[in-house]
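Combine the two chains into a complex, taking the hints into account.
Here are the chains, one letter per residue:
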Amino acid sequence: MRAFVTAVFAFLYLPIALVVLFSFNAGRHASEFTGFSVQWYGTALSNPFLVEALKNSLFIATTSALLAAVCGTAAALGLARVGARTRAVFDGLLGAAIVVPGVVIGISTLVALVQLFAVVNPFLASIWPGDQPPRLSLGYGSIIAAHGLFSMALVTMIVGTRLASLDRNLVEASSDLYATPLTTFRSIVLPQIMPAVVAGFLLAFTFSFDDFIVAFFVAGAQTTLPIYVFASIRRGVTPEINAIATIVLVASVFLVVLAQWQLRQRKPSN
Amino acid sequence: MHGNRFRHNFLTALLLAPATAWLVVFLVLPFIAIAVFSVGERAPEGGYQAAFTLAQYANLPARATAFWNTMLLAPVGALACLLVAYPVAYYLALRAPQRWRLILLALVVIPFWTSLLMRTYAWMYILGGRGIPALLALVGIEDVRLINTPGAVLLGIVYGYLPLMILPIYVSLERLDRRLLEASADLGATPLSTFLGVTLKLSLPGVMTGFSLVMILLLGEYLIPTLLGGGKVFFIGNALVDLFLQSRNWPFGSAIAITLVAVSVVVLIAANRISTRVSGARRVDLI
Numbered sequence: 001m002r003a004f005v006t007a008v009f010a011f012l013y014l015p016i017a018l019v020v021l022f023s024f025n026a027g028r029h030a031s032e033f034t035g036f037s038v039q040w041y042g043t044a045l046s047n048p049f050l051v052e053a054l055k056n057s058l059f060i061a062t063t064s065a066l067l068a069a070v071c072g073t074a075a076a077l078g079l080a081r082v083g084a085r086t087r088a089v090f091d092g093l094l095g096a097a098i099v100v101p102g103v104v105i106g107i108s109t110l111v112a113l114v115q116l117f118a119v120v121n122p123f124l125a126s127i128w129p130g131d132q133p134p135r136l137s138l139g140y141g142s143i144i145a146a147h148g149l150f151s152m153a154l155v156t157m158i159v160g161t162r163l164a165s166l167d168r169n170l171v172e173a174s175s176d177l178y179a180t181p182l183t184t185f186r187s188i189v190l191p192q193i194m195p196a197v198v199a200g201f202l203l204a205f206t207f208s209f210d211d212f213i214v215a216f217f218v219a220g221a222q223t224t225l226p227i228y229v230f231a232s233i234r235r236g237v238t239p240e241i242n243a244i245a246t247i248v249l250v251a252s253v254f255l256v257v258l259a260q261w262q263l264r265q266r267k268p269s270n
Numbered sequence: 001m002h003g004n005r006f007r008h009n010f011l012t013a014l015l016l017a018p019a020t021a022w023l024v025v026f027l028v029l030p031f032i033a034i035a036v037f038s039v040g041e042r043a044p045e046g047g048y049q050a051a052f053t054l055a056q057y058a059n060l061p062a063r064a065t066a067f068w069n070t071m072l073l074a075p076v077g078a079l080a081c082l083l084v085a086y087p088v089a090y091y092l093a094l095r096a097p098q099r100w101r102l103i104l105l106a107l108v109v110i111p112f113w114t115s116l117l118m119r120t121y122a123w124m125y126i127l128g129g130r131g132i133p134a135l136l137a138l139v140g141i142e143d144v145r146l147i148n149t150p151g152a153v154l155l156g157i158v159y160g161y162l163p164l165m166i167l168p169i170y171v172s173l174e175r176l177d178r179r180l181l182e183a184s185a186d187l188g189a190t191p192l193s194t195f196l197g198v199t200l201k202l203s204l205p206g207v208m209t210g211f212s213l214v215m216i217l218l219l220g221e222y223l224i225p226t227l228l229g230g231g232k233v234f235f236i237g238n239a240l241v242d243l244f245l246q247s248r249n250w251p252f253g254s255a256i257a258i259t260l261v262a263v264s265v266v267v268l269i270a271a272n273r274i275s276t277r278v279s280g281a282r283r284v285d286l287i
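Protein chains in written order, with the numbering used here: chain A, 1 to 270; chain B, 1 to 287.
Next up, chain B with everything else stripped away, as it sits in the complex (with noise of 0.2 Å):
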């Protein structure tokens, strides 16, 4: 029986070894090293030397249109993506006829997998000045500048995102107790009170983990901005490119690195508090 047990918990222990060394060298190690990093100072020559100082944190500020462009954006962004995806995953999830459902969600998914690089260059390619300006040029609009501003940024933001967003209230939708709505309208609520008082309640959590999901991710976006919003519109990610592989001041960006990682864990939180509060259920999963 000894035997027995140790046996169990020796194989149980070589099962996860692998996965537990990854994590830790290449999760929580840098992880470590980012914290200890931004409370040190930048050498001469670039890189790190040790220190204990929070002056890399009071420097935040120099980088604020970093921050404000992000800040702005993200949640912007994850705002249009859900405004969106939320009609979508409805007609998904309750209105779409049986046999179409499963396509026109991996026609949902397909996107999600798809090189975001890429998709983002359909954008240049199309808002360039050789897609739609030139289009319009020809009919007699002259001198359209689409690409390189904000409003192509959030664009590209929807586009990139829209299928993460639509994934995960299409989950909470399909879940939903058909007969809650049968009872809803039988008791004689209006169709609107029904969505707003059943459904859009009991989607909640699949809203609020699309919501954070995106946002988190996008409070790290680099290629979005840098392609659609050409050097006009920088966000958090350009300045970390910038601090580690051109200016080399690791700490600083370590610094910011750390504040981006405070902040999404904020956004995690809190998203799980509202649907907590309003429907009562956690978040949804993706996977």
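For reference, chain A alone in the conformation it holds in the complex (with noise of 0.2 Å):
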């Protein structure tokens, strides 16, 4: 069994160190390794296109990120006092947001958000008073949108796993020596979920990142890294893919470690 194990995770990981292993190749074909160069990285972070994608996909993935951190919080903890029926519907819902393919969940925010457009753009036309009416249209606002439900529904479920997990004694003790419910939150309850609060963070910051199909859809004219990635990869493989492949993977080895430590942090004992 033990050898078994082993090879499973041999078959996890030995592909993706080949990609690292060949993004510092001197030569251009998988078949050889030729000599060790940083070459292909110069090239990588010379094009302008793919710096760009890299800005977008960055600045997305953070605003969604934050959004999805505040918001979901906010509903893990309104979640902590509502009754049963109405946790059940939200569950629900979040469950959804989160277990949907990603195809269907681009395709419908694509669909719903192109019928609001159609409905709005000519309204705003006709009130706005100058020339140039703004006009909404598909970009970052969709893509972060997008990426900010799934992200959301997984910080509210992390972070309701450690709310229910939370030592009531405490937070009764704090309100039973007359601390307000803001002292209370902010001095116990706050640092208790902050982890679980981080680590939703860094899970969803790494799930925007990474991203392809759901921001294929709702793109419209912007590039994010992985539709660039993908566009590239279509056209063939070159060590140039190697070289960005493996800074994602890089970053989000790091971030997921980052999240699993916090997430694995202890409680703050007084």
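Everything labelled a hint here was simulated from the structure, so no lab data went into it.
No experiment lies behind these values; they were computed from the predicted model shown.
Some hints could be false.
Stated by the list, open to error - Covered, in the sense of this in silico footprint (three residues per stretch, anywhere, with C-beta under 8 Å from a C-beta of chain B), are these stretches of chain A:
1) 35-47
2) 68-78
3) 93-100
4) 132-140
5) 223-233
6) 244-257
C-beta: ideal position from N, C-alpha, C; glycine also.
Below, the structure written as structure tokens:
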């Protein structure tokens, strides 16, 4: 059994290791490693389209993860205060937001937004006093909102789990000692759920940064890093893509390890 | 007292408001939108034209190949994942040395959160012409085609979704009461019958959660068949990308999406029923 498990871990990590290895290949081909070089990183980072896509992805991931962390935490706190029936409705919707395949989230958001814009844009044009009325269209906003849906559901669940294991005695002791609800929240609840909030933020960021399929539908004219990489891959495999892939992999591994570490943090003892 | 209660309710509503707005605007309304579109007609220039017709659903067989490929490879892929994942989860939960357990678990979680695009790209690289086939040519085995085959898609599926299968099984095995295993052995059961009667039975909720999650995500998979199937192994996801982004037949695409959601719901309910009936426990939640 140990041999099998070892083989599975090798199966999980060898392909990734190979991509990383060949990103440092001096030659172009995957079949031979002709020497160590970082030239493909230089090529990748001097490609203006790629750098633009990377910036877009960083902006979108940061914004959607921040929104998700705030709204998701608020929702988890709110859900701890409602009855079983309301809770069940929310749990169902949040579960759906996580489980429904990205392709369905992508197309349904696309359809709904296009219909919405078809109503709102003429209206804006009719009430706008100037010559150039604002036009809503697909882009940063729609990607952030669509990513935020999954991310917010994720944060709500992670923080909700942490809240459920919160020491109620501390909360009661705090209010018995005449702390205001706000003080109790700030000094008792928040420190205990903070690791979960941070972990939720990091995982939400990773999800948004890595997502291809949802963004593919709702990006409009914008390009995110995965969309750019997907388009280049279809034109052919190049060491330049290996270099980008390595950067992305290292970034996600770093964020996920950080998130796991946050989740395993012991609760503050006093 | 009355004011206090009002304040309590007001704060609760305030906390839930952003999430509710988000869920309604970006989950519920879009779903209603595609449900409405699916009974509409394609406008002559593409997009949607209001109507009430079931013609789009009647037209589903036009994409029979995509449905057939998906409905075949999704359960087969989920099953293949399960067969690889179970021994790993079992080892992690019940056999691994304590100090290694968390590290090994983290090694399972990391790929789960790592870009599926990049991980699938790794296999394009390995299976593509300059990868394994080039190595095989060196030892005299010429003209091996690995990429753009159903086998490559299946491999990509197992690779992509293995972590998602391992985690819930691990969770259910880890919760298992070890004393039951000892009791079973003490009562003279063979290791095999202990495994079948106790371990496997009690880990079934984890198995069903993993299986249904992987299967549902596979039903909507696009990247793996596109990159490793090379346009030869078409999934429903490919049909949806085509209908929404290329040929712009939104009503037909919506009908396909609604069908996909319906199949997913059936899979979830069936998985839940099976685990409730066999082990008396409900599904394992991942988070």
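The hints, checked one at a time:
1. Check result for the stretch 35-47 of chain A against chain B: violated, 0 residues qualifying (beta carbon to beta carbon below 8 Å, three or more required).
2. With a threshold of 8 Å between beta carbons, the proposed coverage of the stretch 68-78 of chain A by chain B holds, since 7 of its residues qualify and at least three are required.
3. Proximity of the stretch 93-100 of chain A to chain B, defined as three or more residues with a beta carbon under 8 Å from a beta carbon of that chain, is established by the 6 residues found.
4. Evaluation of the coverage hint for the stretch 132-140 of chain A: breached, as 0 residues show C-beta separations to chain B shorter than 8 Å, against a requirement of three.
5. Proximity of the stretch 223-233 of chain A to chain B, defined as three or more residues with a beta carbon under 8 Å from a beta carbon of that chain, is established by the 4 residues found.
6. For the stretch 244-257 of chain A, the stated coverage by chain B holds: 8 residues have a C-beta nearer than 8 Å to a C-beta of that chain, and at least 3 were required.
Checked against the numbered hints given earlier, this structure breaks hints 1, 4; the rest are met.
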